[in-house]
Amino acid sequence: MSEVLVLIDHVAGSVRKPTFELLTIAKRLGSPSAVFIGSPEHVEGVVEQVREYGADKLYPIDDAGLRDYLVAPKAEALQQLAAGRDVAAILLPSSAENKEIAGRLAVKLQSGLITDAVDVAADGTTTQSVFAGGYSVTARVTKGTPIITVKPNSAAPEASPGSGIIEHVDVTISEGAKTAVVEKREPRQSTGRPELTEAAIVVSGGRGTNGDFAEVERLADALGAAVGASRAAVDSGWIPYAFQVGQTGKTVSPRLYVANGISGAIQHRAGMQTSKTIVAVNKDAEAPIFAIADFGVVGDLDTVLPALTAEVARRKG
Amino acid sequence: MNIVVCVKHVPDAGADRRFEADHTVDRVDVDGLLSELDEYAVEQALRIKESRDGDDAVVIALTVGPEQAVDAVRKALQMGADKAVHVLDDAVAGSDAIATSLVLAKAVEKLGPVDLVVGGLASTDAGMSVLPSMLAERLGLPQLTGASSVEASGGALRIERDTDTATEVVSATLPLVLSVTDRSGEARYPSFKGIMAAKKKPLDTWSLADIGVEADQVGLSAAWSTVTETVARPPRTAGEIVTDEDGSGAAALAEFLTAEKFI
Ligand SMILES: Cc1cc2nc3c(=O)[nH]c(=O)nc-3n(C[C@H](O)[C@H](O)[C@H](O)COP(=O)(O)OP(=O)(O)OC[C@H]3O[C@@H](n4cnc5c(N)ncnc54)[C@H](O)[C@@H]3O)c2cc1C
Numbered sequence: 001m002s003e004v005l006v007l008i009d010h011v012a013g014s015v016r017k018p019t020f021e022l023l024t025i026a027k028r029l030g031s032p033s034a035v036f037i038g039s040p041e042h043v044e045g046v047v048e049q050v051r052e053y054g055a056d057k058l059y060p061i062d063d064a065g066l067r068d069y070l071v072a073p074k075a076e077a078l079q080q081l082a083a084g085r086d087v088a089a090i091l092l093p094s095s096a097e098n099k100e101i102a103g104r105l106a107v108k109l110q111s112g113l114i115t116d117a118v119d120v121a122a123d124g125t126t127t128q129s130v131f132a133g134g135y136s137v138t139a140r141v142t143k144g145t146p147i148i149t150v151k152p153n154s155a156a157p158e159a160s161p162g163s164g165i166i167e168h169v170d171v172t173i174s175e176g177a178k179t180a181v182v183e184k185r186e187p188r189q190s191t192g193r194p195e196l197t198e199a200a201i202v203v204s205g206g207r208g209t210n211g212d213f214a215e216v217e218r219l220a221d222a223l224g225a226a227v228g229a230s231r232a233a234v235d236s237g238w239i240p241y242a243f244q245v246g247q248t249g250k251t252v253s254p255r256l257y258v259a260n261g262i263s264g265a266i267q268h269r270a271g272m273q274t275s276k277t278i279v280a281v282n283k284d285a286e287a288p289i290f291a292i293a294d295f296g297v298v299g300d301l302d303t304v305l306p307a308l309t310a311e312v313a314r315r316k317g
Numbered sequence: 001m002n003i004v005v006c007v008k009h010v011p012d013a014g015a016d017r018r019f020e021a022d023h024t025v026d027r028v029d030v031d032g033l034l035s036e037l038d039e040y041a042v043e044q045a046l047r048i049k050e051s052r053d054g055d056d057a058v059v060i061a062l063t064v065g066p067e068q069a070v071d072a073v074r075k076a077l078q079m080g081a082d083k084a085v086h087v088l089d090d091a092v093a094g095s096d097a098i099a100t101s102l103v104l105a106k107a108v109e110k111l112g113p114v115d116l117v118v119g120g121l122a123s124t125d126a127g128m129s130v131l132p133s134m135l136a137e138r139l140g141l142p143q144l145t146g147a148s149s150v151e152a153s154g155g156a157l158r159i160e161r162d163t164d165t166a167t168e169v170v171s172a173t174l175p176l177v178l179s180v181t182d183r184s185g186e187a188r189y190p191s192f193k194g195i196m197a198a199k200k201k202p203l204d205t206w207s208l209a210d211i212g213v214e215a216d217q218v219g220l221s222a223a224w225s226t227v228t229e230t231v232a233r234p235p236r237t238a239g240e241i242v243t244d245e246d247g248s249g250a251a252a253l254a255e256f257l258t259a260e261k262f263i
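Chains A and B are the protein sequences, given in the same order. Position one of the first sequence corresponds to residue 1 (the UniProt record's numbering), numbered consecutively onward. Position one of the second sequence corresponds to residue 1 (the UniProt record's numbering), numbered consecutively onward.
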């Protein structure tokens, strides 16, 4: 059976959920081979995690010579890994960096590329959501080894252990790939809440919060949700950019999206319009967000939000 | 110093965007404009030029697309770019990102030697965010992508960028490919003077033959992926909207969330 390479998304060896989703998808296409670009000390822990979700192989690649440069070395490593192996497809979690790796890899391998798939069928047919969720597009790669980046929440991870054989590979990174030098890297502080792009529920705040994100966070915690924000809130310095939802922030597609004091500008909607259920609280009955909301409350956040949080907590008991 | 800024003409996101029968984006019968996110690329190209007084830096706006796409480079000229190139060829229609990157790379080579190629974060239609890195790959140049701020010093650039997990400072020496986000600095509006001046700036139209690309390397039939279906989703419709009175709003919303099993 052909191998399906899955690039592991991890933080210091702790594998993130989208990787398990990709392994589940990979099983439809062939034999999942996980690729770990990271520190050798994490390999043992990583293989345990990915085997559980079906990885038959793990290719560890020491990131010592890669991590201080942008994108290019990882694309070279994947190219060398794919060359000479019977590879049915290469799957990467859709992040900005991974899409760039995929782009370079597509040129290197002379292969077709599909980004931001929300589903991949056994025959390699992908589904994408485009034009801010206005259209659903099915497509397939017709040349080379299909390279597909897949959005979070595109499959339910299925635990079904694979053989998990570790196979060491040597990659050589060219000097030409080491030209964009990472001088400094400041990791983002973890909030302890679910990851924005992976969460089942997202509670967002906009300019209407007037800077009081504590109330938004309390509702998020009551619902077990991630916190998001509009660009107006980010630009005001109330919350870091990492939490921005929209065209130039994160695209989220949770089961429930709660928009608080967000008007619903087109650039914001581009990042949340495919949420299953949308609810909104806004004091302006004419706010465009209400046109796409399944349930809306016209009211002042100062009173509605605390009351809602209390009511959610009470009902959850 | 030669700075090329790659810009794309896209269907207006505020209007009705749709597909043609062959599943390509309808780019002809819809209102189009310079992709909003490319305005930031033009802005940074101009700022870098302006930071180099003394050396005669030139900003060249480059686009690939149908007739209307010329509006994208026109807008860049109005903002302050010095000249423009429009690669216009019937064979280009339906090209995927890979073919587009080939056309852009060949056009950049023809313009060469180029010190800096600048692009936006993503197009507002396809939104793949892969073109700058594909260009870097094809041109064999370093990539500084997703910049939220840009600092030029001598023959090098240093950017700040946000990834999913960290904030990074990345640097490289020219020549290189740069892409910038909407956080890199507000894009200027064309002034009246700029609009008038743009009319006299050189604007070249190149065919594929001019840049040495074969017609069978691009277009829908040469694409390395194929779209089999495009289905319009029913637009979202407004649900129940209640007005809060003395706490009734929160209670009604909690009731809704319970009925939908979120609580
Ligand atoms: C190139 C570009 C990219 C962009 N990308 C993004 C993006 O990725 N994400 C994004 O979000 N935006 C983006 N924007 C900005 C977008 O156009 C809007 O400006 C932004 O989304 C507005 O944020 P907001 O809804 O919080 O603020 P506003 O539009 O100011 O809305 C605030 C809302 O809060 C309500 N309100 C005020 N006070 C209260 C109260 N006490 N109680 C209840 N409601 C109240 C108001 O009625 C109003 O509807 C982008 C813009 C550009 C040009």
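Calculated directly from the structure, the hints in this document are not laboratory data. Hints are supplied without guarantee of correctness; some may be wrong.
List of simulated lysine-lysine pairs, DSS-like, C-alpha gap at most 25 Å [claimed, not checked]: (1) B:193 - A:143; (2) A:57 - A:108; (3) A:108 - B:110; (4) A:108 - B:193; (5) A:178 - B:83; (6) B:261 - B:106; (7) B:193 - B:110; (8) A:17 - B:261; (9) B:83 - B:261; (10) A:143 - A:27; (11) B:106 - B:201; (12) B:110 - B:200; (13) A:316 - B:199; (14) A:178 - A:108; (15) A:17 - A:27; (16) B:261 - A:276; (17) B:199 - B:83; (18) A:143 - A:108.
One side of the interface only, derived from the structure: several residues of chain B facing chain A at Cβ under 7 Å [unchecked claim]: (19) 47; (20) 51; (21) 52; (22) 130; (23) 175; (24) 231; (25) 234; (26) 242.
Which stretches of chain B does chain A cover? Using the computed rule of at least three CB atoms under 8 Å from a CB of chain A, they are [said to hold, decoys possible]: (27) 93 to 102; (28) 135 to 144.
Glycine included, each C-beta is placed from N, C-alpha and C at the ideal position.
Hint check results:
no.	hint	in the structure
1	B:193 - A:143	49 Å, violated
2	A:57 - A:108	24 Å, holds
3	A:108 - B:110	22 Å, holds
4	A:108 - B:193	45 Å, violated
5	A:178 - B:83	33 Å, violated
6	B:261 - B:106	55 Å, violated
7	B:193 - B:110	30 Å, violated
8	A:17 - B:261	23 Å, holds
9	B:83 - B:261	59 Å, violated
10	A:143 - A:27	21 Å, holds
11	B:106 - B:201	23 Å, holds
12	B:110 - B:200	23 Å, holds
13	A:316 - B:199	66 Å, violated
14	A:178 - A:108	17 Å, holds
15	A:17 - A:27	16 Å, holds
16	B:261 - A:276	13 Å, holds
17	B:199 - B:83	10 Å, holds
18	A:143 - A:108	13 Å, holds
19	47	19 Å, violated
20	51	20 Å, violated
21	52	21 Å, violated
22	130	3 Å, holds
23	175	10 Å, violated
24	231	5 Å, holds
25	234	10 Å, violated
26	242	6 Å, holds
27	93 to 102	holds (count 4)
28	135 to 144	holds (count 8)
Checked against the numbered hints above, the structure breaks hints 1, 4, 5, 6, 7, 9, 13, 19, 20, 21, 23 and 25 and satisfies the rest.
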